[in-house]
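**Q** Chains Y and G, in that order, are what the protein sequence lines are.
Numbering of the first sequence is given in my numbering, commencing with residue 1 and proceeding in unit increments.
Numbering of the second sequence is given in my numbering, commencing with residue 1001 and proceeding in unit increments.
Since the hints were made in silico from the structure, they are not lab data.
Don't take every hint at face value.
Unchecked claim - Not the full set, but computed from the structure, chain G residues with beta-carbon under 10 Å of chain Y: (1) E1107; (2) E1151; (3) H1166; (4) I1205; (5) E1351.
Said to hold, decoys possible - Below, in silico cross-link-like pairs of lysine to any residue (SDA-like), each with a Cα-Cα straight-line distance of 25 Å or less: (6) G/K1212 with Y/R557; (7) Y/K383 with G/K1212; (8) G/K1212 with G/E1237; (9) Y/K63 with Y/G97; (10) G/K1212 with Y/L627.
Remember, predicted model here, so these are calculated numbers, not experimental data.
The C-beta atom is built at its ideal place from N, Cα and C for all residues, glycine as well.
Now for the letters of each chain:
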Amino acid sequence: MYAPVSWLRELADVPAGASGSDVAAALVRVGLEEEGLSGGDLSGPILVGRVLSVEAEPQKNGKTIRWCTVDVGQHGQMLTEGKPQEIVCGAHNFDVGDLVVCVLPGGVLPGGFEISARRTYGHVSQGMICSARELGLGDDHEGIVVLTELLGAEAAEDLKPGDDAIALLGLADEVVEVNVTPDRGYCFSMRGIAREYALSTGVAFRDPADVHVAAANEQGYPVHLTDEAPIDGRDGCDRYVARVVRGVDVAAPTPRWMQKRLTQLGMRAISLPVDVTNYVMMLVGQPLHAFDLATLSGSVGTRRARSGEELTTLDGVTRSLEPQDLLIVDGADTPLAVAGVMGGASSEVSDTTTDILVEAAHFDPVTVARSSRRHRLTTEASKRFERGVDPGVTAAAAQLAVDLLVQYGGGAPDEGVTDVDRRVASSPFTFDTTLPTRYVGLEYSRDEVLATLGAIGCAVQDTGADVVTVRSPSWRPDLVDGPDLVEEVARVRGYDEIPSVLPLPKAGGGLTHAQRVRRLVAATLAQQGLVEVLSYPFVGQDLFDRLGYEPADPRRRTETLLNPLSEEAPLMRTSVLDSLVEVLRRNVARGARDVGLYELGAVTVGRGAAQAAPVPGTDSKPDAETLAGIRGAVPAQPLHAALVASGDAEPGGPWGPARAVEASDAVSWALAVCAALGVDPVVASASTAPWHPGRCALISMRDGTVLGHAGELHPKVTAALELPPRTVAAELDVEALVSVTGAAVQAVPLSTYPMAHTDVALVVDETVPAASVESALRDGAGPDLESLVLFDVYHGEQVGAGRKSVAYRLTFRAGDRTLKTEEVSVLRDRAVASAASRVGAVQR
Amino acid sequence: MSGPNKQYDPVEVATLDPEAVERAVEEALEAIRGAGSLEELKAVRLAHHGEKSALALANREIGALPPSAKAEAGKRVGQARGRVAQAIAWRLAELERLRDERILVEETQDLTVRVPRHRLGARHPISLVTERVEDIFVAMGWEIAEGPEIESEWLNFDALNIGADHPARGEADTFFVAPAGSGLVLRTHTSPVQVRTMLDRTPPIYVLCPGKVFRTDDLDATHTPVFHQFEGLVVDEGITMAHLKGTLDAFVQRLFGDGIVTRLRPNYFPFTEPSAEIDCQCWVCGGEDPGCRTCGGTGWIELGGSGMVNQRVLRASGIDPERYTGFAFGLGIERSLMLRHGVADMHDIVEGDVRFSRQFGMEI
């Protein structure tokens, strides 16, 4: 909402010396955030000019500039050289004869831009023809300002070249722009802004709606209000004022001062009837509609739309109406407007209109909000009705419009005044005057609290007790309970007064086990050389095919978004790898060669055919069953960690060549995470998509709890995802890691007796995994085996086709004595025997 | 030099002549001085201090002397041999020192090669800021609460006093989960975690709810549809807006620097009443620089929203608003990161370029 300071001065006693920024600061204090401040920072010569000649000159850069001469009266080059002003202009939306706004050398535009004569495109441009944005009149920079369009042909008629455009357009006025929060609908008017300014600074406020209003009578234009389908029991329209003004000269010019104000508020002047309704709306916040009386058949009224009905609105769009839309209809039941949103084309005021029906009504905020959203149509009217228009101002707004039409359009108002008033009085509520102190932590006396309530317009029933009864003013539908009033009391004194007191909770428990695990997983992967990234968890329909998932793979079961960011990625990921691979691809595309990435994030476990989540009321805590229904409908979203890498695992350098990343790196990184958590998992070979069937390790606990998979991605997957060949990856279930950790590790006493080494070489089938050989050896060797290290794997003729030789170093140490050589031999033989029986190993 | 003196031969006793001994010593010292390497010194030692050296031979002659002359000759030869041995020891030490120095020079490696043997990875700065913020609140005695990203509409909206007609519930702001009417959305803030906490527990509640949230914004320099925030919630007896301000002040001082304070401005949020916008004093210019790029010269930086928990939210969560009051606040982590570390473009935060994370290392 824009608020020109000069206009504000008419409605509140703004001190003479107060600047725009003083006004803005006062408004910020009470909760109207400053969005901008314009005007006041420009100086002339900024003049009205009439374009005398235009020569289009195409340029080498493809642009066509226009070399113009402009009559700017007895200024500029006319004064010094006796000829019209010569100006180069880039815009094309004007013609010879148009009235434009010129800034001449020496002038300063908003933002401190000083204008001087300058050589450009082979000419000396003696100034500029200005756009609306350059003049600080909003954001329009499509073309330059053509005054006949901005102000209307009528109003532009008596302008002459050389007139001061600063005064004409109110450019010197400072205009404060504030952001109006949804609870403060009344601040979408100068009346509301002035009220807030007065509240903030304590100066007097003059209510522009405090005018003499012609009393309602039975002779007014007939109005019939019906509502077949009230939303939440509220009538779609609870007040409708209809006034008729006959014999209006719709071609009469809108007064310059009104045009100036509309321009300052970012609106264009259109015609007297439209400008008057807009002006009154900006003044008191009541949207008005002007109907051409001649197009109506006998009466106006409201009803809900019927399925299949259509209405062509003022913007020329034909809209299909729905039964929740509230309509304005005439006596023949013809739709005239979507109530509170936009009028129809058929009843619009036109050039031939002489009699005007002014509508000032109060519509249900929810009804208007839904229509506005349904038709994707946000208008100045809908914006205000949605947030609540003061139903107390309806008649006064109509009166203001009637008066202005009469004054400037020469019409005569009908004696008949219709005011159908079905307002339900707002309910008074009790308010404990000690609540502000209790809520804010600052002492507010009873007197101060009551004074604030009075200042904001509340009616207070005071019996002298702490608890009083309050009725909110008609323009504050947002004030319905105690805390609403606490905010009023706090903001009027000022939030700056609130002291700073640190609350002291009881000693906390610190991070939970799961939270500490997550941090350690993340830190360990980073320490392994991988870089943490974040990816959007959205994936495409075809990803699971590209990952090579079987049709029945549970990881195909996910949730779909109704309104995804992109139709190509409507699904929620079921593995972190799903979206992480794309980040690898992007890094490689940007030229990175050795890339190792990881991410911790939630994945989705699809619900399948699940019940919808209940949406109970909010007056109290839902019952246990409903809450269980809500919680149960939310899909499981376990936390996973995934890693992916390509290129070199170890860089080359003076010490030797680089080493390319390989499947075992992925396993090693995954195991590092386990080791950091003190977890000792089992590694088994697996054949799981999206990994290479011969290069995939399943990492699990002895009890079968799966921790994750690691290895090299399937060549088809790397091809389908456009990843570098031999990309390796792992996915770990962090929830599983959390569940298998947390118990205190029990220390094993350390033996200081000497250790004994012995090596064994075993021949096994190629397909036997090392882990199986290892566990067989371990089990056979017994508790004195301290460590077991695979130091050689050999394939060749000596061991035969389809066989391999694996060599282990076994280290033994007993807890209570030095092992004798014979004892070590016995243990080794037991280990070998175990391997022989369990995996068919033959000692070489 | 004399040969073996198997039998006494007075002629050879001439080697014990003082001048001859002195000469032998001089010759030895000269040779020692001239030894340029350990190998040469070894040869010199053999020649001048070995069994067949002149002084060794002279020493042997002593036995042939008449007893009266033995003592003096013995002393003379002993001193001479001592001088030679000493000179050899010094020269040896010297040559060994030179050899060691030479080896060290030869072993020189250029360690300025900036390719690490093991490359350390990096954390994402969003995670680092999150953990930093968590630590600040944990140190104040708070706990960290979490919840699901796909969330029920009731917890994300209704329970927070965001009614069915609130604009934020439109498809223009919120991601909805299929099928229509599922009652599920991608959470638009971490506030549902606050509600879950209140539903599950009885006050006192002091929790921080960090996490990933979703809104249907397109990615640009300052927006991302998937972002992170942290919300704080306190519900206890006697909690006031002063406690809100005190908490926010303590927080910004720990994250942005000593002496920094916050400012509250009236605002509107459905889930709080009274509500307040949080501004933080500019930690770069302190409000002194009208051209400051961090605060735009205003001296204040907008951080997020806050307020006293709306009584309707307390009631929906099963907490008695007559007994308890509470405050809540919410701040964006991306915004904190951009402001604190001068990140100019949101693309860098979300695209996962390793060069971005690597700038921050492992601690922020």
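**Q** If you draw a straight line from the CA of G/K1212 to the CA of Y/R557, is it 25 Å or shorter?
**A** holds, 22 Å
**Q** When the nearest CB of chain Y is found for G/H1166, is that gap smaller than 10 Å?
**A** holds, 8 Å
**Q** Between the alpha carbons of Y/K63 and Y/G97, is the straight-line distance 25 Å or under?
**A** With a Cα-Cα distance of about 23 Å, the restraint between Y/K63 and Y/G97 holds, given a limit of 25 Å.
**Q** Double-check G/E1151 for me: the hint is only fine if its C-beta lies closer than 10 Å to a C-beta in chain Y.
**A** Hint holds; G/E1151 Cβ to chain Y Cβ min 6 Å, cut 10 Å.
**Q** Need the status of pair G/K1212, Y/L627: alpha-carbon distance at most 25 Å?
**A** holds, 23 Å
**Q** When you check the alpha-carbon spacing of Y/K383 and G/K1212, does it fall within 25 Å?
**A** violated, 31 Å
**Q** Hint check: is the beta carbon of G/I1205 less than 10 Å from a beta carbon of chain Y?
**A** At 9 Å from the nearest chain Y Cβ, G/I1205 passes the 10 Å test, so the hint holds.
**Q** Under 10 Å is the threshold here; is the Cβ of G/E1351 close enough to any Cβ of chain Y for the hint to stand?
**A** Holds - the Cβ of G/E1351 comes within 10 Å of chain Y, reaching about 6 Å at its closest.
**Q** Mind checking the alpha carbons of G/K1212 and G/E1237 for me, to see if they're no more than 25 Å apart?
**A** Violated, because 30 Å separates the two Cα atoms, which is more than 25 Å.
**Q** Taking the closest Cβ pair, is G/E1107 under 10 Å from chain Y?
**A** The hint is violated - G/E1107 has no Cβ within 10 Å of chain Y, the shortest such distance being about 13 Å.
Figure legend: structure checked against the earlier numbered hints; hints not met, in rising order: 1, 7 and 8.
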